[in-house]
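Enquirer: Each chain is listed here by its residues.
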Amino acid sequence: MSLALDKPRSPRRPAARRSNGELYSWLFMRLSGLLLVVLVLGHLFIMNILDGGVHKINFGFVAGRWASPFWQFWDLAMLWLAQIHGGNGVRTVINDYARKDSTRFWLKMLLYVSMVLIISLGTFVIFTFDPNISN
Amino acid sequence: MTSAGAPERSGTTRGGGTLYRGDLGMWSWVAHRITGVLTFFFLFTHVLDTALVRVSPNAYDAVIETYKNPVVNLFEVGLVGAVLYHALNGIRVMLVDFWEKGAKYQRVMLWTVLAVWVLVMIPGFYFMMERTISDLLGGH
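Protein chains in written order, with my numbering: chain A, 1 to 135; chain B, 1001 to 1140.
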């Protein structure tokens, strides 16, 4: 295979890329993925098997878990990492399949709004949870 | 799985190891995307329902109550299966990227991923469905 270079001897070649954003995104997927393997598989194993699954879950169950700062931090880390990891993945999927620039733009806006909403709401709930809230 | 127009498989696939389209590696990527997107959509719902603990215990309990049936239980098994594949294949992707022999062993690693998935999902299915199945068989 021959390599064709456009104007190989020109003094300045156009930069291949303007920023390293996609590199950091690629790296983030791997680093967050590694943490999420532990956080999410641990969460699924505890919730679905060790603690007896959805039949055991109610308000009191959540209150019991979030009484511990350890599980609060676990859930907070999982929320942020999973939202950014998943959002970045869906961003890649939109970039791959959207055919029109306007479609791509609006799908990504919808994605970013949903990410901000879910991260803010989840963080707010973890930090302001009140076990004695009235019915 | 061989589609019309795909390159010839014999000779090129196993020998050179450069064929990607239509080969096993492509399907592992397709499955990675699908399981990832599904999990992301689930997460959206999951944070919203859990946020009801900030509204009132009754509101939260009422919604969780609608999850306590065999259909949702099966969905849970599906979710665990999707996340488990995504996690195991994600580790494989990292090994392909960062381990010097990763690319060479990518096919063996994919079969390992599938084998581990089956080995975990068999007891996983049993322990997750235990209560639903005994309820369905009339053991109240």
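These are computed hints drawn from the structure, not numbers from a lab. Among the clues, some could well be false.
[What the hints assert, rightly or not] Pairs of lysine to aspartate or glutamate residues, derived as EDC-like cross-links and limited to a Cα-Cα distance of at most 16 angstroms, are as follows:
1) 1104(B) <-> 1061(B)
2) 108(A) <-> 96(A)
3) 1068(B) <-> 1023(B)
4) 56(A) <-> 1023(B)
5) 56(A) <-> 1065(B)
6) 1068(B) <-> 51(A)
7) 56(A) <-> 1061(B)
8) 56(A) <-> 1076(B)
9) 1068(B) <-> 1049(B)
10) 56(A) <-> 1097(B)
[What the hints assert, rightly or not] A short, non-exhaustive set of chain B residues, derived as facing chain A with CB atoms under 8 angstroms:
11) 1049
12) 1050
13) 1054
14) 1060
15) 1067
16) 1075
17) 1107
[To be verified] To list a few chain A residues with every Cβ distance to chain B over 10 angstroms, as calculated:
18) 20
19) 21
20) 24
21) 116
22) 124
We put the beta carbon where it would ideally sit given N, CA and C, even for glycine.
Enquirer: Check the hint pairing residue 108(A) with residue 96(A) against an upper bound of 16 angstroms on the C-alpha distance.
Expert: holds, 12 angstroms
Enquirer: For the pair supplied as a hint, residue 1068(B) and residue 1049(B), is the alpha-carbon distance within the 16 angstroms limit?
Expert: holds, 14 angstroms
Enquirer: Verify the interface restraint on residue 1075(B): the C-beta must sit less than 8 angstroms from at least one C-beta of chain A.
Expert: Result: violated, 10 angstroms to nearest chain A Cβ.
Enquirer: Can residue 1049(B) be said to touch chain A, with a Cβ gap under 8 angstroms?
Expert: Violated: closest Cβ of chain A sits about 10 angstroms from residue 1049(B), beyond 8 angstroms.
Enquirer: Tell me if the interface restraint on residue 1054(B) is satisfied: Cβ within less than 8 angstroms of some Cβ in chain A.
Expert: holds, 5 angstroms
Enquirer: CA of residue 56(A) to CA of residue 1097(B), is that 16 angstroms or under?
Expert: violated, 41 angstroms
Enquirer: Are residue 1050(B) and chain A close enough, Cβ to Cβ, to be under 8 angstroms, as the hint says?
Expert: Result: holds, 7 angstroms to nearest chain A Cβ.
Enquirer: Going straight from one Cα to the other, do residue 56(A) and residue 1023(B) come out at no more than 16 angstroms?
Expert: Violated, because 44 angstroms separates the two Cα atoms, which is more than 16 angstroms.
Enquirer: Would you assess whether residue 21(A), listed as outside the interface, keeps its beta-carbon beyond 10 angstroms of every beta-carbon in chain B?
Expert: holds, 18 angstroms
Enquirer: Checking one constraint from the list: CA of residue 56(A) to CA of residue 1061(B), max 16 angstroms. Satisfied?
Expert: holds, 11 angstroms
Enquirer: Residue 124(A) clear of chain B by more than 10 angstroms, beta carbon to beta carbon?
Expert: violated, 7 angstroms
Enquirer: Would you check whether residue 1107(B) satisfies its interface hint, that is, whether its CB is within less than 8 angstroms of any CB in chain A?
Expert: violated, 21 angstroms
Of the hints listed earlier, those the structure fails to meet are numbers 1, 3, 4, 10, 11, 16, 17 and 22, in rising order.
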